[in-house]
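**Q** One-letter residues, chain by chain:
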Amino acid sequence: MDGLVSFISDNLLMVYILVFAIFLGMEVISKVPTVLHTPLMSGANAVSGVVVIGAILLIRQASADDYLVLILGFLGIALAMVNVVGGYAVTDRMLDMFKKKKRN
Amino acid sequence: METTLYDFIYLICIVLFIVGLKRLSSPDTARNGNLVAAAGMGIAIVVSLFYPVESGQNNYGWVAGGMLVGAAVGYTAARRVKMTAMPEMVSLFNGLGGACAMMISLVEFYNYPANTPLLNGAAFTTLFALFIGSISFTGSLVAYGKLEGFLRDSLVLPAPKVINVVLLIAILALGGYILFLPDIDFTLVLIFLSLSLFYGITFVTPIGGGDMPVVISLLNSFTGIGAALAGLIYDNQVMLVGGILVGASGTILTVLMCQAMNRSLFNVIVGGFSSQGGAAGEGREQIVKEATPSDLAIELKYANKVMVVPGYGLAVAQAQHVVHELESMLETEGVNFMYAIHPVAGRMPGHMNVLLAEADVPYPK
Numbered sequence: 000m001d002g003l004v005s006f007i008s009d010n011l012l013m014v015y016i017l018v019f020a021i022f023l024g025m026e027v028i029s030k031v032p033t034v035l036h037t038p039l040m041s042g043a044n045a046v047s048g049v050v051v052i053g054a055i056l057l058i059r060q061a062s063a064d065d066y067l068v069l070i071l072g073f074l075g076i077a078l079a080m081v082n083v084v085g086g087y088a089v090t091d092r093m094l095d096m097f098k099k100k101k102r103n
Numbered sequence: 000m001e002t003t004l005y006d007f008i009y010l011i012c013i014v015l016f017i018v019g020l021k022r023l024s025s026p027d028t029a030r031n032g033n034l035v036a037a038a039g040m041g042i043a044i045v046v047s048l049f050y051p052v053e054s055g056q057n058n059y060g061w062v063a064g065g066m067l068v069g070a071a072v073g074y075t076a077a078r079r080v081k082m083t084a085m086p087e088m089v090s091l092f093n094g095l096g097g098a099c100a101m102m103i104s105l106v107e108f109y110n111y112p113a114n115t116p117l118l119n120g121a122a123f124t125t126l127f128a129l130f131i132g133s134i135s136f137t138g139s140l141v142a143y144g145k146l147e148g149f150l151r152d153s154l155v156l157p158a159p160k161v162i163n164v165v166l167l168i169a170i171l172a173l174g175g176y177i178l179f180l181p182d183i184d185f186t187l188v189l190i191f192l193s194l195s196l197f198y199g200i201t202f203v204t205p206i207g208g209g210d211m212p213v214v215i216s217l218l219n220s221f222t223g224i225g226a227a228l229a230g231l232i233y234d235n236q237v238m239l240v241g242g243i244l245v246g247a248s249g250t251i252l253t254v255l256m257c258q259a260m261n262r263s264l265f266n267v268i269v270g271g272f273s274s275q276g277g278a279a280g281e282g283r284e285q286i287v288k289e290a291t292p293s294d295l296a297i298e299l300k301y302a303n304k305v306m307v308v309p310g311y312g313l314a315v316a317q318a319q320h321v322v323h324e325l326e327s328m329l330e331t332e333g334v335n336f337m338y339a340i341h342p343v344a345g346r347m348p349g350h351m352n353v354l355l356a357e358a359d360v361p362y363p364k
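As they're listed, the protein sequences go chains B and V.
Start counting the first sequence at 0; every next residue gets the next number (numbering that gives the first Met the number 0).
Start counting the second sequence at 0; every next residue gets the next number (numbering that gives the first Met the number 0).
Derived by calculation from the structure, the hints in this document are not laboratory data.
Please read all numbers here as calculations on a predicted model, not as lab measurements.
Quick reminder that beta carbons are idealized off the backbone N, C-alpha and C, glycines included.
Careful, some of the hints might be misleading.
[To be verified] Per label pair, the in silico range of CB-to-CB distance:
(1) Tyr66/B - Lys81/V: 37 to 45 Å
(2) Glu53/V - Ser5/B: 31 to 39 Å
(3) Tyr15/B - Gly175/V: 22 to 30 Å
(4) Val14/B - Val45/V: 21 to 29 Å
In isolation and in its complexed conformation, chain V is listed as follows (with noise of 0.2 Å):
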């Protein structure tokens, strides 16, 4: 009777996220569907701090001092963080996501019941989780440092095929191994846990900057199925459909953006080092550069169409406001002035978009 209240508050909590995240795929919603989306996630903190529990002492001086510090932390980041350095923000953020689920499962297997068969859905439920929570945990990080250039492109381990095949083939073994004991072995999932984070870091490493924004989506969606599995232990509906929708979006998200650089996601998981789609518009524009600025202005000028195809470069070297100046300046004089963003221009597709507007360049152009 009394956790019916609080399922019924839960079941708002989902209403919120699907709005949310419904609101959040068309741009006049979108700041409101972030806004609902978080005001369902704090209801649902809320709602979960004073959902009865069976066991255990509440420990809320531990609760309130994990989520005040996470909160500060992830606060000053997000607003200190530059436009441009964004993808690299969101990668760890969902790195530290996959890093709660891990530890979620690691505590279950600690607290597992002795001599209990494992053979059941819940621990296999449970490794699953740790499985993936370890991936998106040390991938994201992986993600992370290439972008943010503490690991170089060319850092690659050798054949990282056949060891990534190796290691998932010892991984699914071991899992296998542990769930068909009789009972509890918390060293095989130690060692289990290991070779999941290993693994995370071999899966990411071979593959390329241009691609990395696809890789963290499908990190991403990882951390919503860790969360979702994580959901099922649990029994907490919240937990279970939020992760599933990001778990089911961010596939779709992810699969989006490969056709939108015109790739298979197959072919950039494995392809390792291969054309970098980002890159594309910035060529053009640097030959275009290669005039002298007086002439550039001169044609420029007399031009009746101007198209600017801005790429990275431009956002880093924050040039996009003095493009914006140009902009003004040449509309006043009648020219028509367009913007060319390739899709998956900047380092996230619509990423470019987001960075036209920190100048206000209005966007559908």
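This is chain B alone, in the form it adopts within the complex (with noise of 0.2 Å):
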């Protein structure tokens, strides 16, 4: 338990940071008209990409000769830009389609 409460005190900040994004989250889509749900959720799943991020900085702080972690990490950041990219792009050839008939 003492674990786990140093824990919490000496990431405080990260905590309330926690918290408030919670809240942020909701916030943030608690309006979205029904039209836009997939590509919302298509947008959000794309952000659920920077865990790539922590690949990243797992495979920079591992030495070179450990082979397990650094294909584990190739393999976390292949498959997590797979989502970040495919998610972006896919989401802007949806809204792509909304967009083309305000032309007309």
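Can you join these two chains into the complex? Each is in its own frame, and there are hints to help.
**A** As structure tokens, this is what we get:
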């Protein structure tokens, strides 16, 4: 239990950020028209690819002969990049269709 | 001192994410919002490449390789996928993000210093991230398989509820046991990983096709939470805020979708096979088509108002273009043509609107 308490007190700022971000996330999204649910889900999905940063930091901290970590990290980066790039590209394609009809 | 600059740039990225998501939630600014969020992501990734790390040899070759491969695959897949297959794609992408969170936590445990008690926040967070990431990974793959048609809806494990509860208890118990050990036991962590992966499968398998969008949205928020937990491990604010934003908004979105279908979230998860909300629109359209084409044409011409209730079948048949032609023809005849789009028609809420937009159908109809 001490471990958890000291973890929270060591990371108090992070815990604050965490709680505020939860409220922020709910607030930002609360008024979405149904039409945009799919693109929004896809866009949010792309944002969740931030996890790629973790993989980048992880691989950069590893020593050059630790192949297990390197390979896992490599896979992590590659998979998360698919999520990021694919996610944004797909969302853009969907939204592009909404935009086209406006010109008519 | 040196990290201050980097941390400040991270802050800018966070702001870009928030602004991007905000703009994504309104039709006029949505496209721009997506680009804003993408810019935030791009900056965040570049900064991470140069962020000072305590130890290690950078291994830029591996980083660059992974990024190139991932970006190329992601971009190609996103360009090639058909609009009707969009939900599957999103689900698949999401699963890959979850897999990344899973791998990070796994490596963290692999590198965990020996002879250190695990009852601390860091180990707890890592274990939680491992759990969430794995569920999101296998769950999304099952969702993908179901939507794509590899996996039949009828493929259900016996007594799914019992299996799920038992598995969940087993995972929690094992997780608790791992945390109370005086020393890290990597084998147990691997068992924990396998159980979590398996739970992801059993969690999604009993859920029927019509409820898939809700599940994907839920899994999406799981991935977000996984990313946020990884952010806690690395003390990285971008990951924390980005992940939590997705986690919170994904949860809200999930609830909104359930409301659009008149179901509760609990009902969707526990209910297993039940009515498919999304299919409701299709039935009516087909009844109309029972009339012979010529009868229908006459009726349409003399009608004052025509309402089309499009369903997923229409999109699969690529009939939206024909419907649009029909619309233009009838409108020149002075017929008032309207669309009634069921909120969860298609495979995701709003999916139908995307499909109609593909055929240049003006959208606020």
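**Q** Next step is simple, just say for each hint if it's right about the structure.
**A** Here is what the structure says about each hint:
1. Judged by the Cβ atoms, the range 37 to 45 Å given for Tyr66/B and Lys81/V holds: they are separated by roughly 39 Å.
2. Taking the beta carbon of each, Glu53/V and Ser5/B are about 21 Å apart, not inside 31 to 39 Å as hinted.
3. Tyr15/B and Gly175/V have their C-beta atoms about 27 Å apart, which keeps the hinted 22 to 30 Å range intact.
4. In this structure the hint that Val14/B and Val45/V lie 21 to 29 Å apart at CB holds, the actual value being about 28 Å.
The structure fails hint 2 only (numbered hints given earlier).
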